[in-house]
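Just so you know, the protein sequences line up as chains A and B, in that order.
Start counting the first sequence at 4; every next residue gets the next number (my numbering).
Start counting the second sequence at 4; every next residue gets the next number (my numbering).
Careful, some of the hints might be misleading.
[Claimed, not checked] Here chain B is said to cover these stretches of chain A; the calculated rule only asks that three of the stretch's residues, wherever they fall, bring their Cβ under 8 Å from a Cβ of chain B:
1. 31-40
2. 81-93
3. 168-174
4. 206-215
5. 339-353
[Said to hold, decoys possible] Calculated Cβ distances over 12 Å to all of chain A for the following chain B residues:
6. Glu142
7. Asn314
8. Asp379
Because the hints were derived from the structure by calculation, they are not lab data.
Each residue gets a CB set at the ideal place from its N, CA and C atoms; glycine is no exception.
Spelled out from the first residue to the last, the chains are:
Number of protein chains: 2
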Amino acid sequence: MTIATATGLDHFEFWPENSFWSFQFLRMMGKIPAGGGDFSEMILALRGVAPGDGEAWYGAFAGLAHRLDQEAQRSLERGNPLSARDKLYRATNYHQAAGFFLADADPRHSACIEARRASFRSAAPLTEPAYTAVEIPYEDGARLPGYLFPAASVRDSGARQPAAVIFGGTDAVAEEMYFFLGKALAERGVHTLAIDGPGQGEALRRGIAGRYDWEVPAAAAYDFLARLESVDPRRIAVVGQSLGGYLSARAAAFEPRFAACVIWGAIYDLPHVLGVELAGTPAGEHFTTLWRKILRMEPEADLMAALAPYNLHGVAEKIACPTLLMHGESDRITPFAEAEKTFADLTVEDRTFLRYPAWTSGCTHCQVDAALIAADDICDWLCDRLAVAG
Amino acid sequence: MTIATATGLDHFEFWPENSFWSFQFLRMMGKIPAGGGDFSEMILALRGVAPGDGEAWYGAFAGLAHRLDQEAQRSLERGNPLSARDKLYRATNYHQAAGFFLADADPRHSACIEARRASFRSAAPLTEPAYTAVEIPYEDGARLPGYLFPAASVRDSGARQPAAVIFGGTDAVAEEMYFFLGKALAERGVHTLAIDGPGQGEALRRGIAGRYDWEVPAAAAYDFLARLESVDPRRIAVVGQSLGGYLSARAAAFEPRFAACVIWGAIYDLPHVLGVELAGTPAGEHFTTLWRKILRMEPEADLMAALAPYNLHGVAEKIACPTLLMHGESDRITPFAEAEKTFADLTVEDRTFLRYPAWTSGCTHCQVDAALIAADDICDWLCDRLAVAG
């Protein structure tokens, strides 16, 4: 096997003929260091899978996930909670992968979501310290689902510890944020809340539509954290990955209580990214379908018009808290120019641009290929701003 | 990229044209879940490496390792101990990989060994709980180097905790045993000692030659553990991987104080494996060169004659403690028949044969492709025998 270096390629692609599928492959590999996958298990599962064959992909990951759920149950019955936990972590992400390419109307899609949530919840009491499923009060009595990953140790001198809220991207779910970043932050003594915001994951399933003015759900998350006895309300950061890069910037610009902002993959202008950069690509098709659902649009409605407010024109400049922006040069989903535009508009003095060069770890979209490395980078920057020795 | 399924292949090989190099690739990938490597970092480093090109392999991993050492130093200076630890863990294994295919006389070979040990020692105080470099009293004033990974939590009701000693294979080193198993055992409340025994790793560099009667160094390891106030001398297990599968069986057969024995990859008859099964292969050449060095042989001396005592004829039947044997069906270094012969000779009632079928995780030599899965299996079995709830 040689690693493809075809003309035009500037990063590792498992299937150079299908960039979007290769990205999903890396998204799985990036979670291994946090226990969210196993290289051998995944590479063997993918043995009969050709890129683009969603049925084969589903079969590979669903089979693995269900087997691990059963094995975890047996481990528990035999009195081996840590092995059960390890299996449930992997089952969580394999269930997520299994459902990824299924049509929304496919009943297996819902089954994958429910199985993913069940696996991750089953692992909660087996994790030290245990995390908890939470429901964040939102508008009109609705609640946003998520998880609180408590700080694993106290690493500062304050009576209350710092905290962070993490928002994922368009097709991300709160569960995977544990493997991408939550575990690393908790280890550093930062209480971490990962939630499915409006239009995301389980919130979308509850009928809670997406919105561009993310300061509203972000404030709900802030309020939830600030009310916890263990949390220092002056040290709460907002972190967003992928679409979350837009969301966290928007939140920090209009919710001044956040002490720091991490833009983990920038989106300066979503209609431009989706309507121009991704036009005609498998990724573009995937996200277009998803956005119509997120915004609960009628079939004939104009998606680009609905997405128009999703941009940082006049927004990024309002951010007053320390801000970290990270972007990979080989990002094939949100071009590097989005990061440059976003950073150019930042006015806060304490701003940092972490650029991951082509052909290096982290060069892909949101550093999913090297989540451990990105998590270390985020934690280093955040711990400094939140005054914690992590 | 398709995953090779050439005729005769019964497991994933990164380079199907070179089984031994593919094995070293998997040996790296298997350490990712314990933090001993990063998929993206390694796959990108290997971009220009053709199987068999030892110089390119050295350059890829040495470059990575030295960069990580420097980055770890900067992380420490900036007050980020956990990121420094993560980088040092990976540097440890990348230094090991860098030196793997170098000739012994190459000065870079020694440099890789020293760098590996330095990286791993630097990570010790950054690990919770900190591990310590130890020196085990051996014969004639010599000492065997290793590490004590203390139990991360007390998970049983005893005043003293159980313990295990791990021996690696012919070309293994104590440092990598942390990533393969030590970390997992420590998390389960088992104090774990990983040492370079006679003829292994740093002990060999000190001029301590190999020996077949492994009960001698194993007793030294047992004595060291039994003297620790935190260790219950009635609950000390011996674990051996690869050649260690022979070593742990031999130790358990003639050192009755061990409470349990794990044969992590069996070798029933080493001269048969090396002289017949591996004859004419890259692996055979590698191990033949290494064994002449391990036994400190003159160039004209007969290696097979010197290796003759390395077999379990009349030995395995003497093991009186509970014994676990694990072997992959697709093992290309020690054939599956070695495991069958070993297991057939066991007479102890509490004996378990864990067989990893072809094309499943763990099917390769010593499950290096799926170390997390193997570690969970070992821990489940051991915790039961050592009466700890892990």
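Here's how the hints hold up against the structure:
Coverage of the region 31-40 of chain A by chain B holds. Counting CB-CB distances below 8 Å, 5 residues qualify, and the rule asks for three or more. Requiring three or more residues with a Cβ within less than 8 Å of a Cβ of chain B, the coverage given for the region 81-93 of chain A holds, as 8 such residues are present. For the region 168-174 of chain A, the stated coverage by chain B is violated: 0 residues have a C-beta nearer than 8 Å to a C-beta of that chain, whereas at least 3 were required. Counting residues of the region 206-215 of chain A whose C-beta sits closer than 8 Å to any C-beta of chain B gives 0, which falls short of three, so the coverage hint is violated.
A stretch counts as covered by a chain when three or more of its residues have a beta carbon under 8 Å from one of that chain; for the region 339-353 of chain A and chain B the count is 0, and the coverage is violated. Once the 12 Å rule is applied to beta carbons, Glu142/B is consistent with being away from chain A; the minimum gap is 38 Å. Residue placement check: Asn314/B keeps its beta carbon more than 12 Å from all beta carbons of chain A (closest about 31 Å). Under the 12 Å C-beta cut-off, the non-interface status given to Asp379/B relative to chain A is violated; the minimum distance is some 4 Å.
Hints 3, 4, 5, 8, counting from the list given before, are not met by this structure.
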